[in-house]
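In order, the protein sequence lines correspond to chains A and S.
Going by the working numbering, the first sequence opens with residue 1, and the numbers climb by one from there.
Going by the working numbering, the second sequence opens with residue 1001, and the numbers climb by one from there.
Calculated directly from the structure, the hints in this document are not laboratory data.
Hints are supplied without guarantee of correctness; some may be wrong.
Said to hold, decoys possible - Once the Cα atoms are required to be at most 30 Å apart in a straight line, the calculated BS3-like pairs of lysine-lysine come out as:
#1 Lys351(A) <-> Lys215(A)
#2 Lys309(A) <-> Lys1438(S)
#3 Lys86(A) <-> Lys1147(S)
#4 Lys389(A) <-> Lys346(A)
#5 Lys1207(S) <-> Lys117(A)
#6 Lys27(A) <-> Lys274(A)
#7 Lys1097(S) <-> Lys1247(S)
#8 Lys1207(S) <-> Lys113(A)
#9 Lys1094(S) <-> Lys1223(S)
#10 Lys346(A) <-> Lys319(A)
#11 Lys1021(S) <-> Lys1097(S)
#12 Lys113(A) <-> Lys1438(S)
#13 Lys389(A) <-> Lys2(A)
#14 Lys117(A) <-> Lys1438(S)
#15 Lys319(A) <-> Lys351(A)
#16 Lys274(A) <-> Lys319(A)
#17 Lys1207(S) <-> Lys346(A)
#18 Lys215(A) <-> Lys346(A)
#19 Lys389(A) <-> Lys319(A)
#20 Lys1223(S) <-> Lys27(A)
#21 Lys1097(S) <-> Lys346(A)
#22 Lys1247(S) <-> Lys1094(S)
#23 Lys309(A) <-> Lys27(A)
#24 Lys1021(S) <-> Lys1094(S)
#25 Lys351(A) <-> Lys1021(S)
#26 Lys1097(S) <-> Lys1207(S)
#27 Lys351(A) <-> Lys274(A)
#28 Lys309(A) <-> Lys346(A)
#29 Lys215(A) <-> Lys274(A)
#30 Lys2(A) <-> Lys309(A)
Each chain, written out:
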Amino acid sequence: MKTLERIRQAVERRPSELIEARARGEKVLGYFCCYIPEEIIDALGLIPVRLGRGGDETLVDLGARYVSTNNCVFIRESVGLFADGKDPYVQNSDFVAVAGTCIQMFRLSELVKYYFKPEVVALGVPRNFYLPEGRVFFRHEMADFVRQVEAMTGRTLEPGRLSESIELYRQIREAILELYARQSRDASPISWRDIFDVVQAGFYLDRRQYLSLLKDLLTEVESVGETAKPNNRPRIFVSGSILAPGDTKIIDLIEQLGGRIVVDDLCTGLRFHKELMVHDHSLDGLADAYLDRIPCASLPCLLPLDEDKRFTTMVQLAKEHRAEGMIYHTLRFCDPFTFKANATMKYMQEKLGVPFLEIHTEYSPSDVEALRTRVESFIDVIYMQREEKEAAAC
Amino acid sequence: MLESYSMVERDGLLLYPEEIKERFLATGPLPFRDGTRASPEEIWEFMTDEGPRRFPYMFTSNPNSPQRLPYYVDLIGSIKLYYMIISRRFRVEKMRKLGKPLVLVQGGQPLEPYYAADALPLRPGDMTELACYYVAEGLDIRNKDWKKIDIREEGSRTVSMEACHQITTHAAIRNNVVPVDLVAPYTRVRCSDATFLVESHRDSSRKVDCFLVDYPTNYAPDKTWAVEYVAENIRQLIARIDAISGKTTTADDFRRQIGAYNRVRRLARETIEVWRAAPVPPASSVLVYRILALGKDCDGDPVAAEHVLTQLRDEVRERTAVPLKGGELAERPARIFKCGSCIAINFHALDRAGGALVSADDWWSDISTPDVEEEGDIFANYARTTLSAPYDLPTEDRAAWIVDQVRMSRAEGLIFGYQWGCNFQSAVARMVCDIVQKETDIPATTLSLDELGRGESTEQTQNRIAAFVEMLSYAA
């Protein structure tokens, strides 16, 4: 599709655009974790860029000189990005913001600040996020975050600008959700992989240009219509730890082996945009919206599983997108997702009865062949279930 | 006490020598929080007969066992200290029969609200030991280790093989080995695994009640909202315990408990300050660790802890005034400062290698924090104090505090240890070491371990510690 190509080209141009913008006096705020509200960064006239990449063993090794091998590979690679200093988004970040959602991420902020000396601001996120006192705490933290960024940048958050930014992001989210709905149709002209890449392009591009491109893409998808033949590959839901830009090992394997990813709940995918609704265009309203979003597994939830939005959303998404199997991807030492793998498997099988595969891995390619066998078998299992269902229907 | 008495070794066990019996009996009864007392005769009988018979693993004479008693009795108060630890099961059972809830907490967190609500708080290590009492009675150290490993493996299979050693505790709760009523730790920022392990009980068939006392990651003194948040969490914690026990805990109950805890912390603080200021350490390194533990969580009984710490402090003062060196220590031991959570390195091996523990950042952090203000809003005062504990501050602040402590304790080397599966302490091990080395110029090393609570097979760690201590002796 032409618009997809335009988005790819825009991403390629983006590093040089950032250099030019900074030369004009604009400032870039690089951030980690989807609990950092881009609306605030945008409303302060700063350029938001989501930092962090995956899949590069060299950077992981470099990062491990500063952090332990008991830390997840995403954290190690993120430290490695700063140690290496060649990532264009790290290079062009005037400030760094980190949300303490995952406490390893909080440590990342401390390490980066101490060893590589950027100006860093941390946003505290309550563990008891579903209790009223957690909400009060987060509202204060959000206000404090704004004060710190204002002090760092010398800018002031104006309510009118904030409201405009909130509306901008509402439209972006609306467009992404529509694209997600379109890609999982039987005869969709675009794939989940296309949309996943589009979501990640949104971490870097100018957000107004990005919205315009999303609208163009929707128009193009609409005009192309449906493909001649429906895509009948096994429909797979991908969940679990972060799949950061560059970390394509699992999704490459699924696609190579004949699977079709139809939905995800990843923080670098659908979860970045889904159910983030700002009802009140104020700082408190923004804080509430971020706290009420589908929670990251980094935030421990003691509610019963049927009341845990993360679990109920998984079931809802699987049904909506007619997933026939779930691949739950966990990174080594990503405790928030790994510790919940068994509970997730039991819950999903109880609610949906679909096959479930946990893949526990790192960025090393050393396990690719073993994973290939497991994914291939998993896809076979889905085909077998289909046959059984068809036979039962007859 | 101005002499160090050698323990008697018999049938693979270490036994207290008869020659100290009269001196021990003169120390008087040990009072407990429920108003009862253990006479010195009862304690002596338990520590020389019943204890070695029923819990032989606690009395092993294996020189390499981290859990053994010291070879020398340097401080006579240590007999009551070990009695508190070894006989804890019986007090827990007795108090549970009276309706007091057994609560799992996090290692290293303060415990005032739990004691105020008349609960029985146990940290993961102690809860695992309690589980071992039930499954390992009569076993020697090796077989006790195997029992513990069995529990741990089951937990790892259920939750994750990447969980730290705390998984043993949670597996013991899931399997009803320990009759826990409430799992309610602080999310204190020393630990990455505790919160997710609490969460893992949601899909357990044993429906244990769970609650988290949240503890913000990025506290700064001007964050009044963080104080209010923690204070509210503490109120809710007490209400949760009350709902189980049927008791009503008032703010004054909490205030009184804080007063008692302030006294315990003060005694531990005085003892360690005298210890580290002495020209030579007055007793085995393991007692520094035990005194810190006693000052930190009272080994289950703040009343008994105050009694034992008073005696230990007086004895330490007496020995350091001479000064006298611990019987098991080298002539001129290398002074070691230990950093990191859940790290009980083999202190006997440290002593034998020519080192001596002078302090540790984890438990010392709370003990050295100024007393909780007893006037005014007791919940806010408590929250403010606990939030200011240096160990749990952002790492650069914590490291600056460690630098001060290293200087004050005249440490010659720093060991930063962390357990397998710990994502949070391990992440900043190098950073803390780098800061301390830069500021103090003392050698520092990091240790990645997986042996907490193990009674044997700690030789790899011992080798590394011995090499580090040897290097320090050359540096000296």
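Right, here's what the structure says about each hint:
With a C-alpha separation of about 36 Å, the suggested pairing of Lys351(A) with Lys215(A) is violated against the 30 Å cut-off. Among the hinted pairs, Lys309(A) with Lys1438(S) is inconsistent with the structure: their alpha-carbon atoms are about 47 Å apart, more than 30 Å. For the proposed pair Lys86(A) and Lys1147(S), the alpha carbon gap of about 51 Å is over 30 Å, so the pair is violated. About 21 Å separates the Cα atoms of Lys389(A) and Lys346(A), which keeps this hinted pair within 30 Å; it holds.
For the given pair, Lys1207(S) sits about 47 Å from Lys117(A) by alpha-carbon distance, which is inconsistent with the 30 Å threshold. For the hint pairing Lys27(A) with Lys274(A), the CA-to-CA distance comes to about 28 Å; that is within 30 Å, so the pair holds. Proposed proximity of Lys1097(S) and Lys1247(S) is supported: the alpha carbons are some 15 Å apart, at most 30 Å. The hinted pair formed by Lys1207(S) and Lys113(A) fails the criterion: a straight-line CA distance of about 43 Å is larger than 30 Å.
Taking the CA atoms of Lys1094(S) and Lys1223(S), the gap is about 42 Å. The hint is violated against a cut of 30 Å. Only pairs whose Cα atoms come within 30 Å are accepted, and Lys346(A) paired with Lys319(A) is accepted, the gap being roughly 17 Å. Distance hint between Lys1021(S) and Lys1097(S) is unfulfilled; the C-alpha atoms sit about 33 Å from each other, more than 30 Å. The hinted pair formed by Lys113(A) and Lys1438(S) meets the criterion: a straight-line CA distance of about 17 Å does not exceed 30 Å.
Between Lys389(A) and Lys2(A), the direct Cα distance comes to roughly 39 Å. Violation of the 30 Å bound is thereby established for this hinted pair. Proposed proximity of Lys117(A) and Lys1438(S) is supported: the alpha carbons are some 17 Å apart, at most 30 Å. Pair hint Lys319(A) plus Lys351(A) holds up; C-alpha atoms about 10 Å apart against a cutoff of 30 Å. Taking the CA atoms of Lys274(A) and Lys319(A), the gap is about 16 Å. The hint holds against a cut of 30 Å.
The suggested pairing of Lys1207(S) with Lys346(A) holds, with an alpha-carbon distance near 16 Å, which does not exceed 30 Å. Of the pairs offered as hints, the one joining Lys215(A) and Lys346(A) is violated, with about 39 Å between alpha carbons and a cut-off of 30 Å exceeded. Pair hint Lys389(A) plus Lys319(A) holds up; C-alpha atoms about 17 Å apart against a cutoff of 30 Å. With a C-alpha separation of about 28 Å, the suggested pairing of Lys1223(S) with Lys27(A) holds against the 30 Å cut-off.
Distance check on the hinted pair: Lys1097(S) and Lys346(A) sit about 36 Å apart at the alpha-carbon level, beyond 30 Å; violated. Distance restraint check for Lys1247(S) and Lys1094(S): the Cα-Cα separation of roughly 18 Å lies within the 30 Å cut-off, and the hinted pair is therefore satisfied. A distance of roughly 36 Å separates the Cα atoms of Lys309(A) and Lys27(A); the hinted pair therefore is violated under the 30 Å criterion. Pair hint Lys1021(S) plus Lys1094(S) holds up; C-alpha atoms about 28 Å apart against a cutoff of 30 Å.
Among the hinted pairs, Lys351(A) with Lys1021(S) is inconsistent with the structure: their alpha-carbon atoms are about 66 Å apart, more than 30 Å. Note on Lys1097(S) and Lys1207(S): the hinted pairing holds, with a Cα-Cα distance of about 20 Å set against a maximum of 30 Å. Restraint check for Lys351(A) and Lys274(A): satisfied, since their Cα atoms lie roughly 22 Å apart, inside the 30 Å limit. Under the criterion of a C-alpha separation no larger than 30 Å, the hint pairing Lys309(A) with Lys346(A) is consistent with the structure, at around 16 Å.
The hinted pair formed by Lys215(A) and Lys274(A) meets the criterion: a straight-line CA distance of about 18 Å does not exceed 30 Å. A threshold of 30 Å between alpha carbons decides the hint, and for Lys2(A) with Lys309(A) the separation of about 37 Å lies outside it, so the pair is violated.
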